[in-house]
Amino acid sequence: MVPTTFYVLLSAVLFTIGVLGVLIRRNAIVVFMSVELMLNAANLALVAYARERLAVDGQVLVFFVITVAAAEVAVGLALLVAIFKSKRTADIDEVSMLRG
Amino acid sequence: MDSIQIPPVDFRLIAPLLVVTGWAMVLLLVDVFAIPANRKKLTGYLAIAGLVVAGLVAIPLWDVSGSTFSNMLVLDRYSLILTWIFLIIGALSITMALDYLPRHGIEQGEFYPLIMFAVAGMIVMAQGTDLIVLFLGVELLSITLYILTGFAYPRLTSEEAAMKYLVLGAFAAGFFIYGIALTYGAVGTTNLALIAERLADPAAETNQLLLLAGASLILIAFAFKVALVPFHMWTPDVYEGSPTPVAAFMSVGTKGAAFAGLLRILVTALPALQPFWLPVLGVLAALTMLIGNLGALSQTNVKRMLAYSSIGHAGYILLSIMVASERGAQAFLFYMLAYALTNLGAFAVVIALEQRSNATWSLDDFTGLYKRQPLLALAMAVFMFSLAGVPPTAGFMAKFYVFTTAYEGGLGWLVLIGVLTSALAVFFYLRVVIRMFMHEPQGDLEPALNRGLSTDIAIAGGLTLLFGIVPAPIIFLVERSLVAAGG
Amino acid sequence: MDFVLFFLTAAIALAGAIAMIVARNAVHSALFLLLNFGAIAVLFLLLQSPFLFTIQLSIYAGAIMVLFLFVVMLLGAEQVEAAQDKLPWQQPLALVMGAGLLVIAMITAVRGGSNDAPPGGEAAEAFGDPASLGELLFTKYLLPFQITGIILLVAVIGVVVLNQQRNQAQTEETPGERPSSSVQP
Amino acid sequence: MLNWLIWLIPLLPLLGFLLNVFVIRQERQAGLVASALVGGSFLLAVVATVMLGGMPEEERRVQAIAWEWIGTGTMSIPFGLLFDPLTSVMVLLVTGVGGLIHVYSLGYMHGDPRVVRYFAYLNLFVTMMLMLVMANNMLLLFLGWEGVGLCSFLLIGFWFERKVAAAAAVKAFVVNRIGDAAFLLAMLAIFSHFGTLTFYDVEVNGQIIPGFLEQVPNLLGQTFGPEWQTIAVATGISFLLLIGATGKSAQFPLFVWLPDAMAGPTPVSALIHAATMVTAGVYMMARTEPIFVASPATQSWVAWIGVLTALIAGTAALAQWDIKRVLAYSTVSQLGFMVAACGMGAYAAAIFHLLTHGIFKALLFLGSGSVIHGTHDTQDMRKMGGLRTAMPTTYWTYLVGAGALAGIVPLAGFWSKDEILAHAVSAGYWPQLIGLFIASLLTAFYMGRQVSLIFFGTQRDPHYHAHESGRAMTVPLVILAVGAAIAGLMNLPTLFSGMPAAHLLTDWLKPVLHEEAGKFNPLLALFATIGAVGMGYLGWSVYTRNAAKVKVGGQDPAYYYTGDIWDTLEAAWYVDTLYQRAVVGPFRTIGNFLAQVFDPQGIDGLVVGTGRFFGWVATGVRQLQSGYVRMYALVFTIGVVLVLSFMLMIAW
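Residue numbers (my numbering), protein chains in the order written: chain A, 5 to 104; chain B, 45 to 531; chain C, 1389 to 1573; chain D, 455 to 1106.
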């Protein structure tokens, strides 16, 4: 069996990549994708720990995370479409009227 | 295979929550099928009625305490008082919205049930004793707020605010869930009481590093929600962009709920990690008080000023949270109530002055207000002084309460920063007062007061003064609240 | 065997993730993310979570990713980052911070985990079947389950609300607009 | 009886405030109602004082609790009033002088478009001042403390069309805020060390709330362990209180706001910035005297700050042209006398001087108001001269006030000042004595100068026709002049053995301050009299003889001899300038900054002003708030990395 650490390490790297994606990408859709990546990384860690402890709880948590992720994406994309209608761009740098 | 036995649920413990969510769902249907498009105000009134009913339902629960849903939810006086505060916040915000929405051409019946769902999320956070429940509470509140923030379409700033809030909120949620994962990995449970138990148990061999990392990420997620520096950046933009009643709701609601959850976590689950979180939160509190107040100083947009001010106040509230004791909880409750009333009142005045949809919320709108609307100006002055912490207002009492609590809790240096920054804070609150009292009115901007707003302002102003002069009953109330150490 | 499978899928997951944030074209990003999600699904299977494997594939890969692709195509937002970067120093700083975060996360993962193989045996055999998961969902986790339901309801309302308003807005002038140079015609 | 009677004292002006805000719209009504209610307060105060006097000496402390203000398990603060000898004299001063000033304002403010608001503010001020002196705990005192600051701010900026007034108002508020912050900290420290904020034991709902002042003497060597620790605690608390007092009572180095505060209406200067509010610091120190006494270190600081203030302000008063600024600096200087007296342990003498000063300084301010009024808003003394014939009542009353201030026998100021000096002699504070003596010589000189410049010679600016003020203004002047002449009677020293009615005030205050009356020092009195008369005459004669050299917009005759020193004095030793240079640093001067921030003109000035003042911090905050989500996420991540690094450090 592969030790839990390996999975967690992978999850840590994936999480960081997700964070980086949010930080450096300007395409709002890709930013959302990066957030999804972060959540998935967390899910991986949860499942790995669940396996280590032989407790199903971790897997149940993943179930909730996936649901929440779906809800967030739905609202986010709806918003994006709304903004796109008037701004004609999905560049997140373009929504920067509010400042100071 | 056996059929699944759903465990018994003590419905008394979730009665207010049940009323709010149930009512909201029914209201959604009623709104669609029974209420004509030009009478959407009715939906608002029904929503307020629902919140009131929930508040009444909660009264007999004063002497009830217990936990249900496999110890994922408790009812104690701490959560009960918070529930009331949240219901008040919800009801006052809806009152503000009643005329605001049609005036700005953004009236839709869904607004009111959404506020109720947000209140439900807040109550969940006050009652939750499991990380996953707290997470879902945060998400329920947040997702609702993303929608409400973007409610003022076609105002692009509203959409922009929603977008920013959503991106950063989802980002923070990622950290939150990763923190939960690490905590789960460290102790094998997400139940707050069990976490503390495992921590205290030498045989359990909890992984300290993992737990610390998990705790850090969870703290950060909450720091984002309550807008602690440097996780505060979304606040001014989102407040400015969102419809003003929503900003009002957010400024007090999110803070109250997130702090409620944070305090529960610190008291119930993580007292053993105090050597770690105390310095972290200490630095955050200091930064928050400084940056919040400094940021407010250079604002000419009242809405943004109030946003920065709310950041500063998060710092003061954090002082009471850091004490993480019964006293701290009491100070927090009192501060929360005082702050909620004051801030909602201030926002209500802002709404009264915001009659055009292209309002800039400029300080200029307040010029000579005393001459035009003496009562409104006086009320605003009360709110400003309460926010600044000048006696005899609720804000002063609350600050005094928090500062003494923190001082006794050994947070002397933070109290020093708190006192000095609140001295600084007078600057920008005073600026509004100067505009109102020390200038002659210019232009023809007449405040649009209506019954709902007047009621709001009268209630908020009256109570702000009353709690400053006679705070004893409220203190009596919060003194009897205890944060249950798990269920 | 386990190890080979793990490293293979891990490599695919990593490659997918990196390619996703590097790809200039949003459609490519989405596809790479899909790859990553698939790999993670396989990892779930390796971790004895067949149920989550299914969910991961059906919800994430099936629904969410399709939604992403749909929106990308609808908006024609494949490439939006052609313009000059307005915050030229933001990316390098972000990379530095990312590196810092990576180091910390890896240290935490390595020092915080055990390098022993997780427990096996009879208990492990029975672990993770969908039935026990389902039972937990309806007993211990009944409350979160309900809240999730409400969250989904709210999300649905949200999408509808945001959509509805858009339709109204087309007939309306936009009086409340701040003058902004960045609005494109 | 006394229990509810004393509640009426602050409630009457409060009623006036409410009436003026909500009901009254008409000028005359507003003034009459406001004056009548404060007058009513005064009568009640007299009754209450007489009743207090009727009690046995050791029982002269009435505490009336309205409700338990803050009641928690660990903290109980009643909303209660205290009426004891110290409070009684303060209340008499506040309502008495305050009432006269209300009446005076009827005439002075006649025709002002916002006069209703003026009287509302004035009433509110009296209410707050009464709360301050009647509070039976620190928190309530703080309420009054902030309240008077607020009213002072509103009243200084009353004529907000004048930019100077708005800026001065803000300056006063801000400088006071520094003191207030210290006061708040002192309060927290008191609470955490004594567990209470009430001054004296008081019974609320059958429970005794302990008072901290009564605990202080018992503390030495007990509660906190070693004695040095007790002293350290007392020093810490008293020092914070001292900072609070320097703000409110305009002591060095926080006195800079008071001269600017003269931009307010003159009756306000008389009431708030001479007779009452500025004495709050002295009152507070007298009230918390046990804490100060417990810390020798703070005591000597107090004394030196007082002396230094008396000297700096006394010299600055020499070189002012504005009639009110002379009086303002003189007020600062006299407050320095009081503070110095506190520092030397002569609290009763300080209160004595506070009372007499309240009367004669109010008289002088009202007199100067009368002059300003009679000369059509002239404030520059170079434009005056020869007014004694045109304004005889003003002249004579002013002369009495000036004599009292200068310390001419037998006017009030002589006795109270002498009491302080005598104490310095008997307690052996020689260096302080010398400083104060010099300051009192300066006082006589600049008063002589002022009287000469205003009333003697010939009118230098022909653009106005001077006339005497109306009855509403002259009657209060006469009453106050009588007061200034005879107020010394209340605390005459024992001039000859067996003299009746000696040191009444000290005896009256004994239950609170536990002080014995100082001994009369004939030699000192002689010196002081000679000095005062001599310097007063000198000041008068120099400027009367050189009256021809005083020109509108010109230099002072003395300038030719002193040159740069004169400039230094005129700028009050550049303390204000120093602040502007040092505090504001290279960016901008405080004055400009405030003028900009509160610039009625524009938002831009506001942003620029604050941006410069807090320099890179505020600007940095704004710039970081660039509007780009990426940026926000980056800042977020930086926070995450920092927190996690700290976490690793802990866990390692």
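Treat the hints with care, as some may be off.
Said to hold, decoys possible - Label pairs and their computed distance ranges (CB to CB):
id, chain 1, residue 1, chain 2, residue 2, range
1, B, Thr499, D, Asp915, 54 to 62 Å
2, B, Asn82, D, Leu465, 45 to 53 Å
3, D, Gly924, B, Leu510, 38 to 46 Å
These are computed hints drawn from the structure, not numbers from a lab.
Bear in mind that the values here come from a model prediction, so they are computed numbers and not experimental data.
Using N, Cα and C, we set each Cβ at its ideal position, and we do this for glycine too.
* Asked: What are the numbers of the hints that this structure violates, sorted from low to high?
  -> none
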